[in-house]
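A.B. asks: So the protein lines, in turn, are chains H and C. Just so you know, this note's numbering puts 177 at position 177 of the first sequence, and the rest follows in order with no gaps. Just so you know, this note's numbering puts 21 at position 21 of the second sequence, and the rest follows in order with no gaps.
Note that these hints are calculated values from the structure, not bench results. Model, not experiment: these values are computed from the prediction. Some hints here could point you the wrong way.
Given that identical chains are not distinguished, each listed pair holds provided it fits within a single copy or across any two copies.
As the list claims (entries may be wrong) - Mimicking BS3-like on lysine-lysine, the simulated pairs with C-alpha atoms at most 30 Å apart in a straight line are: (1) K18 <-> K96; (2) K178 <-> K5; (3) K183 <-> K48; (4) K18 <-> K37; (5) K5 <-> K96; (6) K96 <-> K48; (7) K48 <-> K178; (8) K18 <-> K48; (9) K5 <-> K37.
2 protein chains.
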Amino acid sequence: MNLAKQQILEAAARLFEKQGYHATGLNEIIRESGAPKGSLYYYFPEGKEQIGAETALWSAGQMAGRIRTGLAQSDDPAEAVRLLGLGTAEAIENAKFSAGGPLMMLAAESAVSSERLNAACREAYGLMQAAFSEKFSGNEPLARFVLAVLEGAILLSRVNHSADAVRQAAQYLETCVKLEMNKEK
Amino acid sequence: MNLAKQQILEAAARLFEKQGYHATGLNEIIRESGAPKGSLYYYFPEGKEQIGAETALWSAGQMAGRIRTGLAQSDDPAEAVRLLGLGTAEAIENAKFSAGGPLMMLAAESAVSSERLNAACREAYGLMQAAFSEKFSGNEPLARFVLAVLEGAILLSRVNHSADAVRQAAQYLETCVKLEMNKEK
DNA sequence: GTCTATACGGTGATAGAC
DNA sequence: GTCTATCACCGTATAGAC
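Take these sequences, add in the hints, and give me the full structure.
C.D. replies: Right, here's the structure in full:
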């Protein structure tokens with residue numbers, strides 16, 4: 001992918017994550033990106049919605065990678081989830097609670113209003129769910145549950161400016177996953 | 001509370017829930033509310049932020065009520081949570097996935113940008129957490145966990161236009177709560 | 001309490017030069 | 001590929017009449 005396009009995408013991701021889709025202006029994205037001002041509509045001819053959609057998918061790819069790395073810390077799926085959660089909590093603190101990636105914002109804001117963005121977000125969450133599902137021997141419902149729990153906990157962490165919700169969720173999740181994975185055998 | 005003010009608040013709640021805080025204009029709120037156009041800055045002299053903050057708190061009061069009613073369906077906390085979750089899932093379908101109340105949107109969008117809105121959202125979530133905590137003999141961490149799970153599941157339901165995530169979460173949650181409540185005895 | 005008019009900045013987007 | 005000028009529109013907020 002072209003450098004300027006990539007810069008725009010990453011700047012958009014940061015801004016969407018912090019303040020949301022509608023609160024972020026195109027000018028702001030260009031300013032923050034350092035990319036040439038004329039290149040925005042060159043690389044994203046369909047405008048802001050396209051930027052949102054591509055940001056969602058790109059960011060979900062990143063997140064899926066981090067999830068896989070985090071889950072690789074232990075062979076035991078339940079413990080792996082706990083460790084991933086603890087790592088996420090630390091990341092949230094380092095990011096000063098501008099956390100969870102742009103996907104949460106894009107997903108919430110587009111769910112009812114924008115067909116296209118919504119479709120992209122659905123696919124994006126699918127990528128993340130897949131990263132969990134691999135670790136859970138293909139148990140998709142469990143993967144989706146874990147994903148939902150982490151998203152919810154991250155939301156509360158943003159609001160409370162404290163990663164406690166995520167740390168606690170990690171703890172509870174370990175139990176849930178252990179239980180569910182044993183049931184299968 | 002004055003009728004016009006109440007109308008504005010409820011219209012704002014609906015719009016914030018559907019499309020978010022920044023995507024909703026003051027004009028739109030007035031149009032939707034049916035309240036006199038001149039009354040907006042009369043009842044909300046501090047403007048949009050005040051509307052957001054009061055909407056968050058009012059809506060959280062409503063939600064806390066619904067949570068209490070839902071949880072009253074069973075004496076067993078674990079089963080009560082499952083029933084509340086199933087009821088929520090149905091409500092989401094009826095609302096055509098414009099779900100979860102305005103609080104989720106307000107919280108996500110204001111977490112980093114607006115000090116005042118963020119404070120209101122924090123308090124609002126506190127009200128909801130309290131409604132759970134009562135049922136869990138004061139177990140605040142568990143209450144917060146359940147709250148986080150439901151918020152996360154609602155987010156995924158919005159994205160996927162399917163209440164499945166909430167139904168499944170309700171199922172998993174019953175197990176979690178049962179486990180945690182037994183541990184205490 | 002409510003209304004209208006208005007200020008002023010910002011929005012996403014397009015056209016055409018280079 | 002990039003820039004600048006410009007578009008029409010919408011945002012929030014205020015002033016002052018009634």
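A.B. asks: Up to 30 Å between alpha-carbons, please classify K5 paired with K37: within, between, both or neither.
C.D. replies: within (11 Å within a copy, 44 Å between copies)
A.B. asks: At most 30 Å between alpha carbons: which applies to K183 and K48, within, between, both or neither?
C.D. replies: So K183 and K48 fail the 30 Å test inside a copy (46 Å) and across (51 Å) alike.
A.B. asks: Classify it for me, K96 with K48: is the Cα-Cα distance of at most 30 Å met within a copy, between copies, both or neither?
C.D. replies: both (27 Å within a copy, 26 Å between copies)
A.B. asks: Could you place K18 and K48 in one of the four classes (within, between, both, neither) given a Cα distance threshold of 30 Å?
C.D. replies: both (17 Å within a copy, 20 Å between copies)
A.B. asks: For K18 vs K96, is the C-alpha pair at or below 30 Å within one copy, between two copies, both, or neither?
C.D. replies: both (10 Å within a copy, 28 Å between copies)
A.B. asks: Within a copy, between copies, both or neither: which one fits K5 and K96 at a CA-CA cutoff of 30 Å?
C.D. replies: within (27 Å within a copy, 36 Å between copies)
A.B. asks: Are the CA atoms of K178 and K5 at most 30 Å apart within a copy, between copies, both, or neither?
C.D. replies: neither (43 Å within a copy, 50 Å between copies)
A.B. asks: Taking 30 Å as the upper bound on the Cα-Cα distance, should K18 and K37 be classified as within, between, both, or neither?
C.D. replies: within (22 Å within a copy, 33 Å between copies)
A.B. asks: Could you place K48 and K178 in one of the four classes (within, between, both, neither) given a Cα distance threshold of 30 Å?
C.D. replies: neither (43 Å within a copy, 46 Å between copies)
The structure shown violates the earlier hints numbered 2, 3 and 7.
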